[in-house]
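There are 2 protein chains.
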Amino acid sequence: MKQHGIRLLPDGSCIFRVWAPEKEKLQLHLYAPEDRLVDMKRVGDGFFETLIRDIGPGARYKYVIEGGEEYPDPASRWQPEGVHGCSAIPGDLSFIWEDAAWKGIPPENWVMYELHVGTFTPEGTFEAIIPRLKDLHDTGINVIELMPVAQFPGTRNWGYDGAYPFAVQHSYGGPEGLKKLVNACHKAGIAVVLDVVYNHLGPEGNYLGKFGPYFTAQYHTPWGDAINYDGAWGDVVKEFFVENLVYWLEDFHIDGLRLDAVHMIFDNSAQNFWLRMSEEKSNLETRTGHMRYLIAESDLNSPRVLQPVLTGGYNFDMQWLDDFHHALYVLLDPAGKSRYEDFGSVYQLAKAYKDGFVHSGEFVKFRKRRHGSSSAAIDGDRFIVFNQNHDQVGNRPLGERLCMLVNFERLQLAAAAIMLSPYIPMLFMGEEYCDQSPFFYFVSHSDKKLIEAVREGRRKEFAAFKGEGTPPDAQAEETFLRSRLDWSKRTKGTHHLMLQWHQALIRLRRKHPVLLSFSKSDIQVSVVNNHIVSLLRQTPDGRSHLFIVLNFSDKPHLVEVPGFCPVWSGLLDSGDSPWREGRAEGRRDPHPETVAGADNFEIGGLSVVVYEGLSA
Amino acid sequence: MKQHGIRLLPDGSCIFRVWAPEKEKLQLHLYAPEDRLVDMKRVGDGFFETLIRDIGPGARYKYVIEGGEEYPDPASRWQPEGVHGCSAIPGDLSFIWEDAAWKGIPPENWVMYELHVGTFTPEGTFEAIIPRLKDLHDTGINVIELMPVAQFPGTRNWGYDGAYPFAVQHSYGGPEGLKKLVNACHKAGIAVVLDVVYNHLGPEGNYLGKFGPYFTAQYHTPWGDAINYDGAWGDVVKEFFVENLVYWLEDFHIDGLRLDAVHMIFDNSAQNFWLRMSEEKSNLETRTGHMRYLIAESDLNSPRVLQPVLTGGYNFDMQWLDDFHHALYVLLDPAGKSRYEDFGSVYQLAKAYKDGFVHSGEFVKFRKRRHGSSSAAIDGDRFIVFNQNHDQVGNRPLGERLCMLVNFERLQLAAAAIMLSPYIPMLFMGEEYCDQSPFFYFVSHSDKKLIEAVREGRRKEFAAFKGEGTPPDAQAEETFLRSRLDWSKRTKGTHHLMLQWHQALIRLRRKHPVLLSFSKSDIQVSVVNNHIVSLLRQTPDGRSHLFIVLNFSDKPHLVEVPGFCPVWSGLLDSGDSPWREGRAEGRRDPHPETVAGADNFEIGGLSVVVYEGLSA
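As you go down the protein sequences, you meet chains H and S in turn.
Read in numbering that gives the first Met the number 0, the first sequence has 227 at position 228, and its numbers run on one by one without any break.
Read in numbering that gives the first Met the number 0, the second sequence has 432 at position 433, and its numbers run on one by one without any break.
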């Protein structure tokens, strides 16, 4: 199905192919290996083509539109000089993969880790990540989710300003670097999910509109014109992005894609984006014999996102469960209420555990309307939960991670809340050891007006959160540098304790069969005393039980264990060694090792404890 | 569920209720029976209310917004002085219905008739239609579809500029007039479908935006901002229009609604317009024990429009099949190709008969993209077909009906093509007797800029069809007056012959069981000689067969009748008496009365013949 971009042939020639349906004339301007101008041929469906002999990696080019201005290739695979420079033939096309035995990891075993390539290491490259994969794997992480890597303006960006959907960010190491990373991950037993943006393109260096109607004014997004999936010529635009999706999964061996803000992808046509996405993903799986996963970021609270296309759905395998974060965060940080005015009750966290969406049709003040529909019928392995991600951290003026806002005990609760949930957990890089670097919003545009617009935009955005401080300049390099992780912290003091807590939680999650059941019928959720959430979970055969108690109050409370098991034996206790050392004086008491069924036990303030039910 | 507008109570008082979610203060300004200002009370969900005692029909009012400007009621049921004047309590609330026995007509028996109230009679009122119902019924018509009657600016308009969704056009006779008409229709055995517009409001006299966020810039329509179904406060806007839908069906005993341009209704929310529409329609049917029908005008060529909400559909009972018109029209009028560049082959008409949508994924030049998805699995009683409707006639510069463009023989073919189809047929008023009045586009705005904008818009629209003439001034009263039907023509000459042809076709359609099967498995469509479409239709039990042959060429051709019946006997022949008198010399020869199975017979140029298969 490959339609867009270059195609290297075995004989050392290359077909250059570009879509410009309403242009009369296109020329290939080769810059290297030699400077020359080549007329292209119209080949139908709005495409232009030309074949160049004896050409290979390193060749640089742009396209000249109707004898006038020239621009990089919309389907460029490599922009070695950035968004405004030449497109180039990359060297990764002959990459030798070593992951033939890799067959992926089933989602029920996933422990995810969101990672920003630029700030994860001092080098800020794909290759620099490789030496840390063992540490991640030892922690229990087996899926990394890379924030977007499509070529963005400059060298510092979260990735959502990507302007070349097929080009891998040059400053991260380009396409070859990404392949090396994925290859190393697979060898280390780690799957790779990539964040891709199909709802808009970045504001700088985005020349797609010069070639064809990639955008439409029919719909709006907060980031400008929407992508034209259903207007005139929209069917080819749709194939461009569907091809992009297959490109990552097939050429880069990526295991899954996280689609940014799917609620801003508008396609009213009879054969819409979701249908084509599903068809091509399914074709790919058949071709490669290897499952891939599509994950939605959705603001819709609609079960439709996870339903099959034939029943009107978008057919995602999973979606981020933002409501879980909001419900949890306001219980951990009293200041959270000002950010999430519609959250604040422990019953909402209980609903998030039981049903998924907290807002399933209720009036939501923030939205000024009723919002959502129930997800109670959807099993837990379709939702991804987190205590924080790049958005919640980075969209604070001072970019504080959760560990910079709440104490050790609360962080223990936070980690347990996701790891013991019937959902797929995801950490934000550094969370596992309480990295103390902020994660700021940063850019490195070159357009002065745009830089000022970003500054102004951030100022406005934070006007409502004055108490949280004044953000640093997003354009300043310093802002980016300060956002880098300090990996050395992992082995020190409370940082190390927190890492061990995460390891213990993940070990338990992996080991205990009850924690691998994602069926809604295998969990009972209760609220005790307005501050405590208890989860009674079981295996599908009803033979094995866990009783998980999370106390969000700083006071101890009595809790009764279910009577149907005569004895409950402790499996995990936040007050236990070694991590009890990180807790405040007075909250270090361990809980009873066993409790008789129907008996009360006292759960300490800001504590979590897991009991396993034993038969007589 | 009634939330919006006035509510008269049995004790002679009236609750005035209006929605203005972001306003601090609203007042009711009563003009009659006495002039006074009444403060309203906020009652939750953004509504304001007040109760006035001793008030009834004829009372006039507006609402004062925050002590400043005043406007009519967005949910006004009567605007006796037009769109800018006072809202009023109408007299229809005590209307006495006489249609208790009415249970509607099943769709398989429908023969529809689109009707514009303003030009159907010299009076241009609902009541003036009543004396003509018997004529319509005698013709075989049993469903009239009224073009929109919601209050529009001035007194001359197609209805798509309605500014008060709940108010019945004052110049047509207001709400009381409409009830009288529906009551009379039901007594005459005629169902009433009403055209409603839920994708935009008219450009003049539309003050809804003064009260609340009824509109959104998130989506565009060709007629301005889209209606806000999914943005902030959009859930109440959704209920406003769903309430409107129930209002017509329940308060006015309307049998079905035709929703204008459903592809311009955008609702991305989890509980969307289609879900709420379906729920309330179903509630209403349960309440009244009487089926109602929702008909879509859709530009999507998507089966989704007709699928249930639970499988991602819009849940319409039927939709207009525009492709059928286009495919047929270009066969009848060689000039049609310039209007419908993607049509022109008799195979497309054959596909329309067999599958429904002609464009089911093909590239469509007019749209510059692939369009549609197959409807082959959808039965015929879900589609409405026509040779012309207000759009195809009125959107020609000179507003010519089909009978002003093509000869008698072709009109016979056109009528037969829809009446013998496995779809629900619809005539455009006057079509049955070849009325010779044009149907122009006309308006009667009072805003000068708007009048000029309409003129300019029409000029631009017709620039591509210069050969078709220069349109008259849409604003001129003369343009409206010239669009009135001349009912007296029905009984005269070829007009009367055409009426008889329609009657014969409808009689056959009603009488013959084969023509009442809408299953796709009961029809075989063939193309003969590139000019002839033959339909071999049968009853579901396979016992009874009709062979229908439509020759779009002006030359005779040989056609073989299917051999599985030994004898085929003629049931209808376009060259037969009396209508043969209307045909040109040389095309008056009747076809053989019987044909032996597998034998050839010659079908005359521009002829249609129907044979019934007989067993030995």
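Just so you know, the hints here were simulated from the structure itself, not pulled from any lab data.
Think of the CB as a built atom: it goes at the ideal place given N, C-alpha and C, for glycine as much as any other residue.
Hints may contain errors.
[What the hints assert, rightly or not] Quick look at which bits of chain S chain H covers, simulated, 3 or more residues with Cβ under 8 angstroms:
| no. | stretch |
| --- | --- |
| 1 | 217 to 224 |
| 2 | 232 to 241 |
| 3 | 292 to 303 |
| 4 | 340 to 347 |
| 5 | 472 to 479 |
Problem - chain H over the stretch 340 to 347 of chain S, status - at least 3 residues with CB closer than 8 angstroms - result: Since 0 is below three, the answer is violated.
Problem - Coverage of the stretch 292 to 303 of chain S by chain H, judged on three or more residues with CB within 8 angstroms - result: Coverage by chain H holds here, the residue count being 5 at a Cβ distance below 8 angstroms.
Exercise for the section: Test coverage of the stretch 232 to 241 of chain S by chain H using CB-CB distances below 8 angstroms; three residues minimum. Expected result: Satisfied; 4 residues make the cut.
Exercise for the section: Would you check chain H against the stretch 217 to 224 of chain S, counting CB to CB pairs closer than 8 angstroms, and say if three or more residues qualify? Expected result: holds (count 3)
Handout entry: chain H over the stretch 472 to 479 of chain S, status - at least 3 residues with CB closer than 8 angstroms
Key = violated (count 0)
Checked against the numbered hints given earlier, this structure breaks hints 4, 5; the rest are met.
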